[in-house]
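As a plain string of letters, each chain reads:
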Amino acid sequence: MVPLSWYLSLSAILFFLGVVGMMTRRNTIIMLMCIELMMNAANLTFVALSHYLHSMNGQMFVFFIVAIAAAEVSVGLAIIINLYRLKASVDPDDMNRLQG
Amino acid sequence: MEKFVWLIPAFPLIGVLINLFFGRWTGKKAHWIACLAVLGSFIVSLMVFSRVMQGETLNYDYFNWIWVGSFHANAGVLIDPLSALMLIVVTGVSFLIHVYSIGYMHDDPGYPRFFLYLNLFVFSMVSLVLANNFLLLYVFWEAVGLCSYLLIGFWFQKKSASDAGKKAFIVNRIGDFGFGLGIMMIFVVFGSIQFTEVFGMASGASVACLTAITLLLLLGAMGKSAQIPLYVWLPDAMEGPTPVSALIHAATMVTAGVYMIARCHVLFNLAPLTQNVIIWMGMLTAFFAATIALVQKDIKRVLAYSTISQLGYMFVGVGLGAYTAGIFHLATHAFFKALLFLGAGSVMHAMANETDMWKMGGLSKIMKYTSWTFLIACLAIAGIPPFAGFFSKEEILGAAWSAHRYEIYALGILTALMTAFYMFRVYFLTFKGTPRYNVHSHHAHESPWVMTFPLMVLAVFSVIAGWVGIGTHGGSWIHQFLNPVFTLPGSEHMAEAGHSGSEQLLLMGIAIAAALAGIGLAWQIYLKDIKQSDRMAAQFSGLHKVLTNKYYVDEFYDAVFVTPIKNISIALWRGFDAVVIDGTVNGIGWFVSIIGQLLRYFQSGYVRTYTTMFVIGVIAVLGFYLTR
Amino acid sequence: MPNSLGNFPILSVLTFLPALGALAFLAVPRNRESFFRQGAFAVSLLNFLISLLLLKGFIPSSAEMQFVEWRQWIPGLGASYHLGLDGITLFLVLLTTLISMIAILSSFSAINKKVKEYYISLLFLETGMIGVFLSLDMLLFYFFWEAMLIPMYFLIGIWGHERRIYAAVKFILYTMAGSAFMLVGILVMYFYHYHLTGAFSFDLLSWNTMELPFKLQFWLFLAFFVAFAIKVPLFPFHTWLPDAHVEAPTAGSVILAGVLLKMGTYGLLRFCIPLFPVATLQLLPYVCTLALIGIIYGGLVAMVQPDMKKLVAYSSVAHLGYVVLGLFVLNPQGMVGGLLQMVNHGLSTGALFLMVGMLYERRHTRLIEDFGGIAKVMPAYFAFFLIVTLSSIGLPMLNGFVGEFNIILGAFSYSVLYGVIANFGIIIAAVYMLWMFQRVMFGEVTREENKILKDLNLREYLVLIPLVILMFWIGIYPKPFISRMEPSINKIISRCQAGTTVDCQIPSGISMELNK
Amino acid sequence: MNFPFIPDEEDRIMIEGYMEQIAFLILALFAVVGGLITVTHRHPIYCALGLILCFLSISGFYAMLGAPFLAAVQVIIYAGSIMTLFVFVIMLMDLTREDLKMPPSKFSTVVASFLGFVLLLEMLMIIGGGFLTGKMGSWTPEKVDSVGHTRVLAQVLFTEYLYPFEIISFVLVVALVGAILLGKKKLHLGGKE
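Residue numbers (the numbering used here), protein chains in the order written: chain Z, 13 to 112; chain P, 36 to 663; chain E, 682 to 1197; chain B, 77 to 269.
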């Protein structure tokens, strides 16, 4: 039997990768991908826990997260395309109009 | 009696209301209403006087005024020989002065307003005398102060007049400060402020308490009757019209202090320390004011300082426990001092308001009545036998002698000499000698009968008023009349009874000698050869300069009190208020905006910095979670 | 308490009539300015007449709340719509309706821009003020307390003079900061009430019966005290007053001085003293010292003010220092004097601001040196100004004296030192008022503009006469006023005494030496 | 274990356990390598491929954890639709060379990785520290197997989680409309450009 902590450590690593990706990469699409990665890490934790705690709630959450992720990616990509049309670049640093 | 007593204050009050609301229509006729009102109250006071003569007294409360918790102050009337006598003096002199001011103020634009204020003054003074509890006395005490403020500053165009008015009110207020505290202490110690109740319980209180109360009351009396520390306002009060000076600053208001001490004689008798203070204060004031009067050029200033000096005498009398003597002097002084002021007024009226004596002279030929009445008044105040002044001043000096206060007696005699000297100096300079004004420009003329008639009446009073006091120790009519008031259980020792007949004659002799010496000196210096006065002035130039500048007291007060307070308040306002409090308040505002600036920096617009902040946040939360 | 006017909800009508009037104004188009003027005056006049009904129905001898109205408001919170009136608030409400009516009447000629909003905010202000005085439910009280600030903010902010924005913001922030503490205090009391009795309630009458431990009383007293001290304004918190007064329009500063400052002292009397008696006793010397400093400091600073309104503002600081001193000496003379002085101050300072406003309308300047010799040019104005100045100095025969003398007497019987220092105040008052009076009124008419000033017109007479009549009435025969105030004051004093006898860990050294 | 190695009942379970662990490790390796590629690789296409690899390995995990339906969902939606969307977008934007050459600044990568590392450490400490406790639910694996995983999912979804289910549908519609609007040619969303 694979102990629960293995699953959790794996999702922690995946989450770590997602976070580092988000912070370093200068390309919005990659950042979006990293977000996806982080979400999946979370999903993994949910399913692992739901399996070990014999409760279906975890899987329900995963179900919803997947739906949200789909919605988010579609809208995210649409925005990125428009920004690309606007600024001819995907570099997030160019898009800093929304500042205080 | 209570049925008609309230008429005395009511008449002048009605006069005030009529002049106030119908001022425009009465206009030149305002004096009829005013004089009738005062005449009315004079007649009623005569009726009251006759009732009191038959031994009837009254202590009646009309309505209760302020009832808070255990503090009961109600509007009541106390009639006894003391207040009856005061009523006669006040209403009598006021009536004469009202008649006089018809002539004096004839062409003044503020004619109705003047009579309005005069009536208001008579109303307040009469009510002051009638009051039967301390709070009511205090109320009219300040009301009288208000009237003197209004009347001194009557010609408010003149800055000096309005300044004098303000000064008078504030100095009186300082006096009232003490008086108010005295009343409160009386209430705290005795639990009531009715005269009868307080005097009844007086012997019960501790001497320290009584001394404190009497000292505070004395502070009030000092402010009102212009004694040593708080006399500075009276000379400046001469800015007001002369009838005002005659009425307020000679006959009635300034005597309120003496009346109050006489009224509370029970308290004062039980506080020997305070009596000593009164005696010394009175004597010093008398002597000190007399010295200044020696060199004054302005006729009204001389009379003002002479009033202060005579008040000092009254305080000495009252301080010695000889309340009858004090009140007797008060009454006689009211008559001849009013006469002196009115005389000076008619001189000024004739000389187009010229007050400097050195620009007058030889008026006796032109102004017959005024000069004769003025002479009578001078004789009275100097203390020459048949006239009033002699008897009342003699009483006080006798009281000093019999109370074995020889230093006071000596100072008294010296002051009497100086009084005689400066009064006759005034007489010789204005009426006798060669006219020192160009006769053609001033066609000096005798004042109309409406002004001279009161002079004559007052002259008669200045003569006969004294005879009331004739009679060996305690035998005179005035003593019988006032004794019931002052022989209440409180005052057991009677000063007059002390000295024997021959001693009395000796005292009289010394007093007459001092008066004659004064007159002679004045005659020598100011009539025989006028140059001699300049030579003397040159000889004692230092002393002369100090005296003319009134010992620099005003400048001293300014330097010690007025300017420092002004600077402190400016410092408080500019420094403390603006810098400290506003500083902190605005500081907080500025600090908040600085924080705002700082936070703005965080919204840099770079998505990646936001993610870093998220991560830092998560780390912090987890860290906290782990370490808990 | 069966209210003697049948079940006609007089207090609710009194409170909300101005607000209804204001709402009705919303419907009227902006350009009909004269309608707004007459309408506002009519509403406030009606409100004043109704408040006179109060006087008729009031039972002088009882200290209980009268004309009580109670309805469920938010049952869940335990908050009820609870209005009531007793000796303390009777005259304050009357003062509010009178001052508002006069303020509206006096601003006919003064205000000519945005007239509609002006009268609407004035009427809402009146509702807020009456609401504060009448509400016996702490939530309702707090609601009105905050609601009252907004119209005042607009009054100063829009129709004010040069630095109006700064003054308005400062006014709001100061009061808000204070009332924040009060809100905390209210909530603590609210939950402690639950802790004690198991039921949540904002009702003041039940709060009065709560026995609080000393530690809690101490902090709660401070919380409430800060809010009310800022409103009074007591010494260190007073700097907003001169700015607010100088910048506010005439009617605004009349109401501000006439009624708003009384909120603070009313709050102290109604909430601080009865609710936290032991803490009151413990902190009494400090409060009295603050009040005394206020008296002397206010007076001194008023002496050197170049601007008339600032001078009167600082004089209000001094006068209200007296009131607080009177309230906190906890004996009948002092407290009745304090309460009476609240009404007197409303009348005399209200009148003073009206008269300064009249000069401002004619000359558009408030600096003292711009005037001189006005007595010659405007004799009627001179007469009224003289009476009002004397009343504010506290001259006998006028209202100021009755209040001030009682306060100083109360302070004196509490401690001689307090009495003496307080008495200095009357000298300082005489100095700065007379000095200002002399520089404005007397002397030569130096400036050309002063020569052609018109005297008072009929409307200005109407504005001043009621105030002067009241001044003389209270000065000469204050018995009806005092007899109605005394029962409620005695009730508070007995509540204080009762509060200290119960054992709630009273620190040593505090004894209720309540003298006669 | 006795020789010649005939697995009896508990031996079989033990071997199965080992087998499972080995499968887990392999899949974990694939997932981590996929993640690494997504994060580090220059060209977005390879990142997308890396991500697909990662998603597939995760769906394998779901299968291992007894959630076959979810594994299918994962494969279809994530790997299938989302990643194809990504690939399309990347193709659409045909990034020029110099866009891709911009290396992230040295400083920010160091800081980012340090922060990430700290975060990882904290998460691992939490996992190891026994902080996580939860009350056991009622759905034991046996019960799930007996009823059938998908049926159980449906049963829970349409009873306890009915509201969220409705809301999610609403969210999806909103996202749909949003994406279409954003995608329109003449973009006049009030912006000046």
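Hints may contain errors.
Listed next, with one range per pair, are the computed distances between beta-carbon atoms [unchecked claim]:
(1) P:F637 / E:W751: 28 to 34 Å
(2) E:L886 / P:S628: 31 to 37 Å
(3) P:F637 / B:G204: 31 to 37 Å
In silico SDA-like pairs for lysine to any residue, Cα to Cα no more than 25 Å straight-line [unchecked claim]:
(4) B:K260 / Z:A90
(5) E:K1172 / P:G226
(6) E:K1160 / P:Q559
(7) B:K211 / P:Y660
(8) P:K467 / P:Q559
(9) B:K182 / P:M648
(10) E:K1135 / P:W60
(11) B:K219 / Z:A90
(12) P:K63 / E:V1058
(13) E:K1160 / P:H107
(14) E:K1160 / P:M648
(15) E:K1160 / P:G62
(16) P:K194 / E:I1102
(17) B:K260 / Z:N94
(18) P:K193 / E:T1127
(19) Z:K99 / P:Y641
(20) Z:K99 / P:T647
(21) E:K1057 / P:N99
(22) P:K601 / E:I1102
(23) P:K394 / P:N584
(24) B:K260 / Z:A81
A partial selection of chain Z residues facing chain B, derived with a Cβ cut-off under 10 Å [stated by the list, open to error]:
(25) L20
(26) I25
(27) N55
(28) A60
(29) Y64
(30) A79
(31) L110
No lab work stands behind these hints: they were computed from the structure.
Glycine included, C-beta positions come from ideal geometry on N, C-alpha and C.
Quick rundown of the hints versus the structure:
no. : hint                        : in the structure
1   : P:F637 / E:W751: 28 to 34 Å : 52 Å, violated
2   : E:L886 / P:S628: 31 to 37 Å : 45 Å, violated
3   : P:F637 / B:G204: 31 to 37 Å : 34 Å, holds
4   : B:K260 / Z:A90              : 10 Å, holds
5   : E:K1172 / P:G226            : 22 Å, holds
6   : E:K1160 / P:Q559            : 66 Å, violated
7   : B:K211 / P:Y660             : 20 Å, holds
8   : P:K467 / P:Q559             : 13 Å, holds
9   : B:K182 / P:M648             : 19 Å, holds
10  : E:K1135 / P:W60             : 21 Å, holds
11  : B:K219 / Z:A90              : 44 Å, violated
12  : P:K63 / E:V1058             : 20 Å, holds
13  : E:K1160 / P:H107            : 11 Å, holds
14  : E:K1160 / P:M648            : 72 Å, violated
15  : E:K1160 / P:G62             : 37 Å, violated
16  : P:K194 / E:I1102            : 32 Å, violated
17  : B:K260 / Z:N94              : 9 Å, holds
18  : P:K193 / E:T1127            : 12 Å, holds
19  : Z:K99 / P:Y641              : 15 Å, holds
20  : Z:K99 / P:T647              : 24 Å, holds
21  : E:K1057 / P:N99             : 40 Å, violated
22  : P:K601 / E:I1102            : 19 Å, holds
23  : P:K394 / P:N584             : 20 Å, holds
24  : B:K260 / Z:A81              : 22 Å, holds
25  : L20                         : 4 Å, holds
26  : I25                         : 6 Å, holds
27  : N55                         : 7 Å, holds
28  : A60                         : 6 Å, holds
29  : Y64                         : 9 Å, holds
30  : A79                         : 5 Å, holds
31  : L110                        : 13 Å, violated
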